[in-house]
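K.L.:
Here's the letter readout for the chains.
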Amino acid sequence: MKLERFYGILIPILSIILGMVVGAIVMLAGGYNPIDGFDQLFYGIFGEPYSIGETLRAAAPLIFAGLAVAFAFRTGLFNIGVEGQVLVGWMVAVWIGIEFDLPTAIHLPLALIGAGLAGALWASIPGILKARFHVHEVITSIMMNYIALYVTNDILRHVIGIENERTESVKETASLASPFLQELTDFSRLHNGIFIAVLAALVFWFILWKTTLGYELRAVGFNKSAAEYAGMGVNKNIVLSFVISGVFAGLAGAMEGLGTFQNMTLNASFTGVGFDGIAVALLGANNPIGVVLAALLFAGLNIGGLSMQQIGIPPELIKIIIAFIIIFVASGYAIRLLIEKFTVKKTEDKKVKGADK
Amino acid sequence: MEYVIEMLNIRKEFGTFVANDNITLQLRKGEIHALLGENGAGKSTLMNVLFGLYQPEAGEIRVRGEKVNITSPNVANDLGIGMVHQHFMLVQNFTVTENIILGAEPKVGIKIDRAKAREKVRQISEQYGLAVDPDAKIEDISVGMQQRVEILKTLYRGADILIFDEPSAVLTPQEIKELIQIMNRLIAEGKSIILITHKLKEIMEVADRCTTIRRGKYIGTVDIDETMTQSRLAEMMVGREVNFNAEYSKANPQELVLDIKNLVVKDSRGIKSVDGLNLDIRAGEIVGIAGIDGNGQTELIEAITGLRKADSGEIFLNNKSIKNLKPRKVTESGVGHIPQDRHKHGLVLDYSIGHNMVLQTYYKQPYSKAGIMNYGQVMEKAKTLIEKFDVRTPSPETFARALSGGNQQKAIIAREVDRSPDLLIAAQPTRGLDVGAIEFIHEQLVLEREKGRAVLLISFELEEILQVSDRIAVLYEGRTVAFLDPKETNEIELGFLMAGGKKEEVGRS
Numbered sequence: 001m002k003l004e005r006f007y008g009i010l011i012p013i014l015s016i017i018l019g020m021v022v023g024a025i026v027m028l029a030g031g032y033n034p035i036d037g038f039d040q041l042f043y044g045i046f047g048e049p050y051s052i053g054e055t056l057r058a059a060a061p062l063i064f065a066g067l068a069v070a071f072a073f074r075t076g077l078f079n080i081g082v083e084g085q086v087l088v089g090w091m092v093a094v095w096i097g098i099e100f101d102l103p104t105a106i107h108l109p110l111a112l113i114g115a116g117l118a119g120a121l122w123a124s125i126p127g128i129l130k131a132r133f134h135v136h137e138v139i140t141s142i143m144m145n146y147i148a149l150y151v152t153n154d155i156l157r158h159v160i161g162i163e164n165e166r167t168e169s170v171k172e173t174a175s176l177a178s179p180f181l182q183e184l185t186d187f188s189r190l191h192n193g194i195f196i197a198v199l200a201a202l203v204f205w206f207i208l209w210k211t212t213l214g215y216e217l218r219a220v221g222f223n224k225s226a227a228e229y230a231g232m233g234v235n236k237n238i239v240l241s242f243v244i245s246g247v248f249a250g251l252a253g254a255m256e257g258l259g260t261f262q263n264m265t266l267n268a269s270f271t272g273v274g275f276d277g278i279a280v281a282l283l284g285a286n287n288p289i290g291v292v293l294a295a296l297l298f299a300g301l302n303i304g305g306l307s308m309q310q311i312g313i314p315p316e317l318i319k320i321i322i323a324f325i326i327i328f329v330a331s332g333y334a335i336r337l338l339i340e341k342f343t344v345k346k347t348e349d350k351k352v353k354g355a356d357k
Numbered sequence: 001m002e003y004v005i006e007m008l009n010i011r012k013e014f015g016t017f018v019a020n021d022n023i024t025l026q027l028r029k030g031e032i033h034a035l036l037g038e039n040g041a042g043k044s045t046l047m048n049v050l051f052g053l054y055q056p057e058a059g060e061i062r063v064r065g066e067k068v069n070i071t072s073p074n075v076a077n078d079l080g081i082g083m084v085h086q087h088f089m090l091v092q093n094f095t096v097t098e099n100i101i102l103g104a105e106p107k108v109g110i111k112i113d114r115a116k117a118r119e120k121v122r123q124i125s126e127q128y129g130l131a132v133d134p135d136a137k138i139e140d141i142s143v144g145m146q147q148r149v150e151i152l153k154t155l156y157r158g159a160d161i162l163i164f165d166e167p168s169a170v171l172t173p174q175e176i177k178e179l180i181q182i183m184n185r186l187i188a189e190g191k192s193i194i195l196i197t198h199k200l201k202e203i204m205e206v207a208d209r210c211t212t213i214r215r216g217k218y219i220g221t222v223d224i225d226e227t228m229t230q231s232r233l234a235e236m237m238v239g240r241e242v243n244f245n246a247e248y249s250k251a252n253p254q255e256l257v258l259d260i261k262n263l264v265v266k267d268s269r270g271i272k273s274v275d276g277l278n279l280d281i282r283a284g285e286i287v288g289i290a291g292i293d294g295n296g297q298t299e300l301i302e303a304i305t306g307l308r309k310a311d312s313g314e315i316f317l318n319n320k321s322i323k324n325l326k327p328r329k330v331t332e333s334g335v336g337h338i339p340q341d342r343h344k345h346g347l348v349l350d351y352s353i354g355h356n357m358v359l360q361t362y363y364k365q366p367y368s369k370a371g372i373m374n375y376g377q378v379m380e381k382a383k384t385l386i387e388k389f390d391v392r393t394p395s396p397e398t399f400a401r402a403l404s405g406g407n408q409q410k411a412i413i414a415r416e417v418d419r420s421p422d423l424l425i426a427a428q429p430t431r432g433l434d435v436g437a438i439e440f441i442h443e444q445l446v447l448e449r450e451k452g453r454a455v456l457l458i459s460f461e462l463e464e465i466l467q468v469s470d471r472i473a474v475l476y477e478g479r480t481v482a483f484l485d486p487k488e489t490n491e492i493e494l495g496f497l498m499a500g501g502k503k504e505e506v507g508r509s
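In order, the protein sequences belong to chains A and B. Numbered per UniProt numbering, the first sequence spans residues 1 to 357. Numbered per UniProt numbering, the second sequence spans residues 1 to 509.
Just chain A, with the same shape it has in the complex (with noise of 0.2 Å):
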């Protein structure tokens, strides 16, 4: 038990360092100094408020990302359908921020809850064909992010109205933005989200070990067979976890929607927020603080990433580094197997096992 826990801690850790080492390899045999490059990096995150303000603001779309993948995992799914989820949920977002006019503290929940409901009803749909035809969620929620990708670009072209490729800006009783964040961070998009984004990280944890429903989804997630003998729909659980999946994804659209960009624009790709939800869970363990940790990383590598440039450094030298980071990551076993290799002899004695099965 303590060892499991031991590893889940310093897999991630080791999986970062060895990141940032092929990072620096990468550097020299590109002709950089690594030094100089980590400098730069690591001033591009922490070195003014006006970063840390960005770090922060980006990291909250990944949190609900992240927590998206994660809680779909906890139940034994696979949601990669993310990705789609955050757009429609973004979209609706956006619209109800244009369409109504309504005090803030009706307005700013109407919007957010539309978008939690918009990211549930798309996840609904790979739950439902799972749970009713056997369908592999993998699969059709992977299609289902390309229809949400050209349905939301078709819906903001003919039904919500755009100009120069985007729609006009939320109404301000609409807005995540806080003037309050934005001048103590030296005027960087740092909106109320990151806020939200903690609750629901709070909320995560709650829903999953806290609950009589997070005991079934849980125990949906390890053994089926198991749950339905105790008597658990299980079906209703699978659409169930895609659907509280599919709220924290649509939330995320939000981020972006109401906080960052305050509108939105035609995506003529996917955002990648979806996609790096996945990355956020695996480093994060599926676990609800793990997951707001490892979106602060990646959000404070993508941002200081930029400023890497100033040295001439391509940024996308950082997209390098994450991905190794999440290969490490995945390779866990391997670590593992490195991390008992060196500490076999000395800890051999005390190590805790299972006993005689």
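Think of the hints as simulated: they come from the structure by calculation, not from any bench. Remember, predicted model here, so these are calculated numbers, not experimental data. Cβ coordinates follow ideal geometry from the N, Cα and C atoms, glycine included. One or more of the hints may lead you astray.
What the hints assert, rightly or not - Facing chain A, from chain B, some residues (calculated, C-beta under 10 Å):
| # | residue |
| --- | --- |
| 1 | S321 |
| 2 | N324 |
| 3 | K344 |
| 4 | L347 |
| 5 | N356 |
| 6 | P366 |
| 7 | Y367 |
| 8 | S368 |
| 9 | E443 |
Got chain A; can you put chain B on it based on the hints?
P.N.:
This is chain B only, laid out in the frame that chain A set:
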């Protein structure tokens, strides 16, 4: 005397837990040496040490007189030690030959020499009388055959010392007989065998000597000869006298609890597995179902418990129809179920024992209120049940996965019995358990009967059926073909009826 394997004063610790404490096992050439112990006594640990999976903290291992250091299963293989695992390690959609050569493929250039492999498999199979078809796919052959493939795998790799890990746990009585013949044949061909088991009958039948360990400690090694008895072995294993043929008190059947009429249930392929079945159980009696596996037992239980739809017929519980109710409704109307496959249905292995104790009741008070779990109450309940049913677990927080089979089963029984169901269904409740645990579980079933509950016992062990039941229903091709009094029948008659033999039609008693 020549020893092929000597494990001398082996000690293996896991943290503060001593799994093997100064254990010695000496295997003579050409003998079948039984390794006996309760679930969790340290048998598998000892064998894993021999097979190179664990390194011992103290002691030495000698193979054919030479001191060796077995650091990995590869080293064990090279020393001619082969393990026939309890849980088969086979690729389901590969053929027998492909499975056997996997990892040791004979090659021509870069291609696998299939003809040569096939021929070698056929030849070994013939030499040891295994009668395995080299071209059959694993998924198409019986469990018994799959086990022979595992045996072939070790022989193909040149093993002459074979470790059998609880080989009969998954076999039917007929397959067990055949396995015993195979083991004798292996010995005749010059192999030596270590047989890990807790089945005393098999040891008496096949073993030459027996080493017993109890709670990680070496108890002794004895010859299995005419003077040895099952009770002496049992006593060595559990450390106290075990009552084998416990005579349980007489049943006192009361009102009708379960009444099944003309039940028809189709299996997943659409074939009628239960085909016009009639069965009744009264409060205060245990009805045992005797039948060969695959005669509708699984489908019958699933239909009663709501896991499978019944096509026609009636199922009444206390005069109310429970046919095709959802599993939760069936549970709530008073049915407890100890499932056949405790890992698949009985437990969520990645949940703690505490969590598992409320698998059907978590949504009720006091375990939850308005959708919010009260894990404090759950753990309190778990503690009570763990104590009452002597479930050996470090704590209620321990994962179910970490418990031994016997303790997992005790946990399930605790949970099911504690709900005080009017009908308790026990499907193969003692499969894979040692005598101590079996005795405990039988006592629990009888206790339930004495509390006035109806108990339905399904087992493939005729001894168990004969010993515990108050009435026996023989199941053949989805129908109850006879109802018998266990005092007036025996294994031979039961076996005959189970195979479709006709006595005079015995009606519903």
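K.L.:
All hints are to be evaluated individually against the structure, with a verdict given for each.
P.N.:
Hints, verified against the model:
1. Below 10 Å, beta-carbon pairs count as interface contacts, and S321 (chain B) has none with chain A, the closest being about 18 Å; its hint is therefore violated.
2. Hint on N324 (chain B) is violated. Least Cβ distance to chain A is approximately 14 Å, over the 10 Å limit.
3. Interface restraint check for K344 (chain B): the shortest CB-CB distance to chain A comes to about 5 Å, inside 10 Å, so the restraint holds.
4. Interface hint at L347 (chain B): satisfied, since its Cβ lies 6 Å from the closest Cβ of chain A, which is below the 10 Å cut-off.
5. A least Cβ separation of about 9 Å between N356 (chain B) and chain A falls short of the 10 Å threshold, and the interface hint therefore holds.
6. The closest approach between the C-beta of P366 (chain B) and any C-beta of chain A is roughly 13 Å, which is over the 10 Å cut-off, so the hint fails.
7. Taking 10 Å as the C-beta contact cut-off toward chain A, the hint placing Y367 (chain B) at the interface holds, the least distance being around 8 Å.
8. Proximity of S368 (chain B) to chain A holds as hinted, the smallest CB-CB distance being about 5 Å (cut-off 10 Å).
9. Contact between E443 (chain B) and chain A, as hinted, is not supported at the beta carbon level, the nearest pair being about 25 Å apart and thus beyond 10 Å.
This entry does not satisfy hints 1, 2, 6, 9, going by the numbered hints stated previously.
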